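Given the structure of chain A, go ahead and fit chain B onto it with the hints provided.
Number of protein chains: 2
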Amino acid sequence: MSLTKNEFDAHFRCTLDSCGKTYPLSDVIYTCEDDGELLTVEHDLEKLRKISAKEWMDRFDLRFRSQTFPFQSGVWGKKEWVLPNIENENIVTSGEGGTHLYNAERWAKDLGLDGLYIKQCGISHTGSFKDLGMTVLVSQVKQMIADGVPIKAVACASTGDTSAALASYAAKAGIPALIFLPANKVSTAQLIQPVSNGAKVLALDTDFDGCMAIVKEVTKEKSIYLANSMNSLRIEGQKTISVEITQQLGWEVPDWVVIPGGNLGNVSALGMGFEMMKELGLINKLPRILLAQAKNASPLYESYKSGFTKFESVVAQKTLASAIQIGDPVSVKKAIRVLKKFDGVVEVATEEELADAAARGDRYGLYNDPHTGVALAALLKSIEKGTIHRKQKVVVISTANGLKFTEFKVNYHEGKIMGTNASLHNGIISCPANIDAVLKVLGNELSTHK
Amino acid sequence: MSLTKNEFDAHFRCTLDSCGKTYPLSDVIYTCEDDGELLTVEHDLEKLRKISAKEWMDRFDLRFRSQTFPFQSGVWGKKEWVLPNIENENIVTSGEGGTHLYNAERWAKDLGLDGLYIKQCGISHTGSFKDLGMTVLVSQVKQMIADGVPIKAVACASTGDTSAALASYAAKAGIPALIFLPANKVSTAQLIQPVSNGAKVLALDTDFDGCMAIVKEVTKEKSIYLANSMNSLRIEGQKTISVEITQQLGWEVPDWVVIPGGNLGNVSALGMGFEMMKELGLINKLPRILLAQAKNASPLYESYKSGFTKFESVVAQKTLASAIQIGDPVSVKKAIRVLKKFDGVVEVATEEELADAAARGDRYGLYNDPHTGVALAALLKSIEKGTIHRKQKVVVISTANGLKFTEFKVNYHEGKIMGTNASLHNGIISCPANIDAVLKVLGNELSTHK
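Those protein sequences? They're chains A and B, same order as listed. Position in the first sequence counted from 1, then plus 1200, gives you our numbering. Position in the second sequence counted from 1, then plus 1200, gives you our numbering.
Do not take every clue at face value.
A pair counts as met if it fits within one copy or between any two copies, since identical chains are not told apart.
[Stated by the list, open to error] List of simulated lysine to aspartate or glutamate pairs, EDC-like, C-alpha gap at most 16 Å:
{"id": "1", "residue 1": "K1581", "residue 2": "E1607"}
{"id": "2", "residue 1": "K1478", "residue 2": "D1244"}
{"id": "3", "residue 1": "K1416", "residue 2": "E1246"}
{"id": "4", "residue 1": "K1495", "residue 2": "D1528"}
{"id": "5", "residue 1": "K1541", "residue 2": "E1475"}
{"id": "6", "residue 1": "K1309", "residue 2": "E1289"}
{"id": "7", "residue 1": "K1640", "residue 2": "E1417"}
{"id": "8", "residue 1": "K1478", "residue 2": "E1246"}
{"id": "9", "residue 1": "K1352", "residue 2": "E1645"}
{"id": "10", "residue 1": "K1591", "residue 2": "D1314"}
{"id": "11", "residue 1": "K1485", "residue 2": "E1280"}
{"id": "12", "residue 1": "K1533", "residue 2": "E1512"}
{"id": "13", "residue 1": "K1385", "residue 2": "D1409"}
{"id": "14", "residue 1": "K1247", "residue 2": "E1479"}
{"id": "15", "residue 1": "K1640", "residue 2": "E1421"}
{"id": "16", "residue 1": "K1420", "residue 2": "D1636"}
{"id": "17", "residue 1": "K1593", "residue 2": "D1455"}
{"id": "18", "residue 1": "K1416", "residue 2": "D1636"}
{"id": "19", "residue 1": "K1247", "residue 2": "E1207"}
Rather than coming from a laboratory, the hints here were simulated on the basis of the structure. Given the structure is predicted, the values throughout are model-derived calculations rather than measurements.
If we strip away everything but chain A, and leave its shape as in the complex, we get:
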């Protein structure tokens, strides 16, 4: 279905309520010119209301995994809610979104939950949920280039999933990508994705904040477009996850959504998706949100304990959940607004708790990254505390692919992560290659199978 140009409308708006200045999406701009606050993408809801809730749901269902470009993408199946006026020919998609909602029925039964679903965002083109936002940002850049805006490259400071997603989508579009990272602080394994996708990867003799400062400086030159999460275009793609989850549950809102949080852009996006569905009448209630932080990087948890009356950034300590090792989150204001609105709870997980929870999930057939481990640990603790009641329906957002974390898995099962639950460690049993010896081992093992 092709959309009439300007049938719908969206623009940037300053997130400072007392300002609210707006800018067209075609501007190369990331913060408000007047007050330097972050921008958000605002949609003309009146225009969107011309389509009934029922029609939106039918349209989204019809497009889900459709074979018609660009609707094979879970993000672009919601095009009018994302970037309504982009031309299809400028959409850069790798089939992001539409990820499986894994039904962990056996685990739900053991926990006494009415339902436990894992949204597998890591089973994605570059192996993380970052694809959802990057398809939107890179597509908008391609549109701007087609419209004559002189953009030569896209750039970000990153040490992980963001650079992988940016490099891959830029390579698909044929747009140069620049990645800035701190020298000698990032393993080659983390970098090999953007390197493979042909990005220009610069190692700077500074830390991550130093790289962020440089990329901001570089992108003042408007021919280089900033792709870090302060660019609110990415949120527009990420928010479709809320619509997808609801859709995959037959347009039923779960009782809880559990999500790990570091820079907090993802929880802001999660909230925006549910709010937009409620505004447009697709749903009539909101889920509660359980925001999970690694104890070693939990400034929002401290703020939550004070009823969000104050927020103080911290120096994040090292955590296995490296992508959320952030002490001064960019999107904290947006996140607190969402948590207040969604009757949110913040919980923390220690290193042992996140590692054990990830391993527990693996025993039910999952293959979780440590960030999903943080979310699962928060879930288990919240059930223990009675915050999450048995008989409730819970969706956990899995943010990245476990295949990116082989070392984490190996260390866990070799008992190298201190204080973890040895009963979850699994080893390799040596045995002579003769049938009697094998059957003897199996006899013991099968009789003791947990």
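Just chain B, lined up with the frame of chain A:
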């Protein structure tokens, strides 16, 4: 939609034409009792023909976008063609199938092809196409257990993707899994998936063939069910890939399908899927098949050069495409039959060719494993030779996730794979953390961007 029991029918049949003995799918059997030949699953086509081709296509399209269990799975959306009489409550699914058909438009343009599509089978629950077959095997086992067949565990000999898939699906179902592997010949990284999923992993002081011998011995005890590829149930899931590809192209058959081959079960499955569609009138032509082997393990290529008049197994040499490092393929007879019927071609790729082709694909936004590299290299060589014509439409089967092959990627870009194309190597540029130095580097880099 619930199916009437026995509205459709399928059973095992001996692949030896002169025998053709049949067995029910509920039998614990892998080869013919009379002649020891492999079995195949045969469907009652007359019963399937009661539904028109149009109705099948509409039904499959409707289910492809479905949120209704078990049809979220690309495999179970074709349930009547796979295991028509299994009860839904016994289906063990992790959302396998429905993988994205990646449109490499920029690469197709550079190659002068009418279309180049990569079927992303590695963007899957356990990171390889093995999920397609394992969901069927484990579901059938769960059904048999429910029907009172005394099965205590599922077992396989494997060093890679097969064990990962078996362990994950068994864990989801709560069925014990046994993995047999050669001691000191497999890296921990390859094993960490089944270990994490709680399988009993036995390291035997022998080689892979020795492990295969032991697992065959162990599974003579019918309470332990064999999950290796000689079990033809897995083919039933794998063949749905042909239906999906055609469906994703709007029910249009591509000119060519390129697929890497080792044990050759996957090409047999590919052929069976297309043949079944033609038999039932969904398509009226077959694609040509390009079977790609690593030069270091290419017995089928030698047979192809002799017009398939003879086949001799070889001792496979070491290749980066480790999963197809096989000199004596189990499914060679089935594969040769398919290649003859599909006007097939066999091509080989050297280690340099497969590594360069994988890296070339990455420059267009992909992230290929070495096996997909073999297929891409065969594609490029076949275009050079004029076997594949420009203006044709090609689908390449990507069998596994590049995230499983970090070392391969790192070695490539560090120039450690001898004889590869240095112009495709990408490095990390060191730079002082000051804006002038950075801009100077960028000036040079952007102006020389390929």
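Structure-based check of all given hints:
1. Taking identical chains as interchangeable, the C-alpha atoms of K1581 and E1607 are never at most 16 Å apart, the minima being 26 Å within one chain and 37 Å between chains.
2. For a Cα distance limit of 16 Å, the shortest separation of K1478 from D1244 inside one copy, 15 Å, qualifies, whereas the shortest one across copies, 49 Å, does not.
3. Within a single copy, K1416 and E1246 get their C-alpha atoms no closer than 35 Å, and across copies no closer than 67 Å, so neither meets the 16 Å cut-off.
4. Proximity of K1495 to D1528 under the C-alpha cut-off of 16 Å is restricted to the intra-copy arrangement: shortest distance 14 Å within a copy versus 53 Å between copies.
5. Proximity of K1541 and E1475 under a CA criterion of 16 Å is satisfied intra-copy only: 9 Å inside one chain copy versus 55 Å between copies.
6. Taking identical chains as interchangeable, the C-alpha atoms of K1309 and E1289 lie at most 16 Å apart only when they sit on different chains, with a minimum of 15 Å there against 47 Å within one chain.
7. In this assembly of identical chains, the alpha carbons of K1640 and E1417 lie at most 16 Å apart only when taken from different copies (14 Å versus 67 Å within one copy).
8. Taking the shortest Cα distances, K1478 and E1246 sit within 16 Å of each other inside one copy (14 Å), while across copies they are farther apart (50 Å).
9. For the identical chains of this complex, K1352 and E1645 are inter-copy neighbours only, at 11 Å across copies versus 61 Å inside a copy, given an alpha-carbon limit of 16 Å.
10. Proximity of K1591 to D1314 under the C-alpha cut-off of 16 Å is restricted to the intra-copy arrangement: shortest distance 4 Å within a copy versus 53 Å between copies.
11. In this assembly of identical chains, the alpha carbons of K1485 and E1280 never lie at most 16 Å apart, being 22 Å within a copy and 39 Å across copies at closest.
12. In this assembly of identical chains, the alpha carbons of K1533 and E1512 lie at most 16 Å apart only when taken from the same copy (12 Å versus 68 Å across copies).
13. Taking identical chains as interchangeable, the C-alpha atoms of K1385 and D1409 lie at most 16 Å apart only when both belong to the same chain, with a minimum of 12 Å there against 43 Å between chains.
14. Taking identical chains as interchangeable, the C-alpha atoms of K1247 and E1479 lie at most 16 Å apart only when both belong to the same chain, with a minimum of 12 Å there against 49 Å between chains.
15. Proximity of K1640 to E1421 under the C-alpha cut-off of 16 Å is restricted to the inter-copy arrangement: shortest distance 13 Å between copies versus 70 Å within a copy.
16. In the homo-oligomer, the alpha carbons of K1420 and D1636 lie at most 16 Å apart only across protomers (13 Å), although the nearest pairing inside one protomer, at 72 Å, exceeds that limit.
17. In the homo-oligomer, the alpha carbons of K1593 and D1455 lie at most 16 Å apart inside one protomer (5 Å), although the nearest pairing across protomers, at 47 Å, exceeds that limit.
18. For the homomeric pair K1416 and D1636, the shortest alpha-carbon distance between copies (13 Å) is at most 16 Å, but the shortest distance inside one copy (67 Å) is not.
19. Only within a single protomer do K1247 and E1207 lie at most 16 Å apart by alpha-carbon distance; the minimum there is 7 Å, versus 49 Å between protomers.
The structure is inconsistent with the numbered hints 1, 3, 11, although it conforms to all the rest.
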